[in-house]
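Residue numbers (my numbering), protein chains in the order written: chain A, 13 to 370; chain B, 146 to 400.
Hints listed in this document are in silico derivations from the structure and should not be mistaken for laboratory results. One or more hints might be untrue.
[As the list claims (entries may be wrong)] Distance windows between CB atoms, simulated:
#: 1; chain 1: B; residue 1: M291; chain 2: A; residue 2: L246; range: 50 to 60 Å
#: 2; chain 1: A; residue 1: V44; chain 2: B; residue 2: G163; range: 53 to 63 Å
#: 3; chain 1: B; residue 1: A220; chain 2: A; residue 2: P238; range: 24 to 34 Å
#: 4; chain 1: A; residue 1: L246; chain 2: B; residue 2: R383; range: 56 to 66 Å
[As the list claims (entries may be wrong)] Here's a subset of chain B near chain A, in silico, CB distances under 10 Å, partners left out:
#: 5; residue: T199
#: 6; residue: H218
#: 7; residue: A235
#: 8; residue: E245
#: 9; residue: L252
#: 10; residue: P253
#: 11; residue: G292
#: 12; residue: F298
It should be emphasised that the depicted structure is a prediction, and the values quoted were computed from it without experimental measurement. Glycine included, every Cβ here is placed at the ideal spot set by N, Cα and C.
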Amino acid sequence: MSAGALSRDLDSGGIAAWVRARPIAVGLVAGVTLVAILVLGVGLGSVKIGTDEVVGVILSKTLGLDIGVTWSPATEAIVWELRLPRVLTSMVVGCGLAIAGATFQGLLRNPLADPYVLGTASGAALGAAIAVLLPIQVVVIEFGLLHGFAFAGALISAWLVFRLGGTGGPGGLTRLLLTGYAVGSVLAAMLTMAMYVSGAELRQIFSFLLGGLGGASWVRLLVAAPLIFGASALIIARGRALDAMLLGDAAARHLGIDVGRERGILLALASMATAAAVAISGLIGFVGLVVPHLVRLLVGPAANRVLPISAVVGAALVSAADLVARLVGDVPVGVVMALLGAPFFLFLLQRTRSGYEL
Amino acid sequence: MTQDGPILAMSDLTVAYGPRTVIDRASLTIARGERMAMVGPNGAGKSTLLRAMTGMLVPRSGSVRLAGDAIEHVARASLARTIAVVPEVADLPFAMPVVEVVALGRLPHDPPFTGLRSSDVAAINRAIERVGIEHLRTRDIRELSMGERQLVFIAVALAQSAPILVVDEPTAHLDIRHQVEVMQLLVELNERDGMTIVAVLHDLALAAHFFPRVVVLDGGRIVADGPPAETLDGTTIRTVFGVDPALVRLPVPAG
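Construct the complete structure from the given sequences, taking the supplied hints into account.
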């Protein structure tokens, strides 16, 4: 039985029923928006391409369908080789960051947690900076040192924080958060040092820090997407453990959840999704912190609703921000997201002062 | 599991945190359908004994058997379907309507992916009704008073539909009317529904009035076990709790 059915059975009240019936409505709206952004994102740019041509190219390339529209080889190259991989990459990254954010917030029982809470951002950035500074060029199927080092840096820092911080005992979550902060600070200091000595390479490091999808390609997408989707699916499958932990460790244990094991697995999965997203897009902030809150405001905190809907909303948000960033003229996507997204989120917060209802 | 014999049996249970022995060779048998209160001064080891009894910590020595099986060998989900423990009143990190908090009590019955069945929904509704919090169903739990939250967490444990209910200080945040109502609920769950009830209580009067069996813990040992008229006599109150028995007004035992 779905969450919608729960609401129907549990509540006969009008307003309450409407609130609970929303997961499906919210999911549908987000899904339709996502498709619209896909078509818009591929169509708009320095060369405008009509919606019919966009749909035509995508359908013929993916399904071999001919819908009776013709296009030039140049159009096909722009749609298929340049824009579609970029739009899809932005969506996959948004999905991964939003799910990771929702997972960290639930696991750490902390609304301020985001995907970078275990030091993954500093770790990835330091890895990328080292890669930029090393006088070696290695390219394996379109992946340079930068991607590999960023991915490894994110995972190593998350692992380090988890090993040092642990999660057991009273105050364990606070210790983990503080450990993440401390390890992140050390890594950030090393990053600053690397930037200080980098000279001409500074711009390259800086653009990683700001996040961007300019380097998107099919190959990079096809390597990162399975990691992100795989981790997301496994997290969603463990939603019950995430829900139980909302009540605290002891209560979750009494509900039959192996808290230590589940927390370790979920932290690892969320870190994996974060690392894969960061490796192909640099550091994109805001989305992982805010999207889960936005979704909770709309559909409540149950993981089986928050996680999938966050994935869709996160994908829509990052792809929309990237579209705006491209149209404005290659502004970093993180800048766009914070400039447009944060005021919108503030507006929502003002409206929801009363509590649960939006 | 066998149907005969005690539903919970602890023998020579010793629990230690580092060098500190918290439970010292405690033996206790609880029969199916029994209603038992555990009392004792602060630090006597009541909560620790509850944790050992519910399989949440590993004793240094001795054993806990749940319906004849060593409790450490009972699968987690199966344990959660057999023993429901009223959770400590916690702050939730996010807004959550009461009905969804109570629904968490169904997690041990809830196989992944299929979600709530109609039996789950019925159990959730029954728990809410038993505790008398229908009017709070759609309220955000964070808006509720501590007492109201306490009732919600009791409903979480009831929604678990386990034959054993364990409560640690269920009345801590409640006013006198709700204290009595919770006690009456425990009596009713025990007498009408046949649940086995184990309650840690601070209030000796509530223990004496509502429980036919009272176990007194002091310094990690069980120092008295039996009907309250015997276990809560003047000597025990003076030696264990260190107060003048005249200050503790206990109900006249029913007999």
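Comparing the hints with the structure gives:
no. : hint                        : in the structure
1   : M291/B - L246/A: 50 to 60 Å : violated (37 Å)
2   : V44/A - G163/B: 53 to 63 Å  : holds (59 Å)
3   : A220/B - P238/A: 24 to 34 Å : holds (33 Å)
4   : L246/A - R383/B: 56 to 66 Å : holds (59 Å)
5   : T199                        : holds (7 Å)
6   : H218                        : violated (15 Å)
7   : A235                        : holds (4 Å)
8   : E245                        : holds (6 Å)
9   : L252                        : holds (5 Å)
10  : P253                        : holds (4 Å)
11  : G292                        : violated (18 Å)
12  : F298                        : holds (8 Å)
Hint compliance for this structure: hints 1, 6, 11 are broken, all remaining hints hold.
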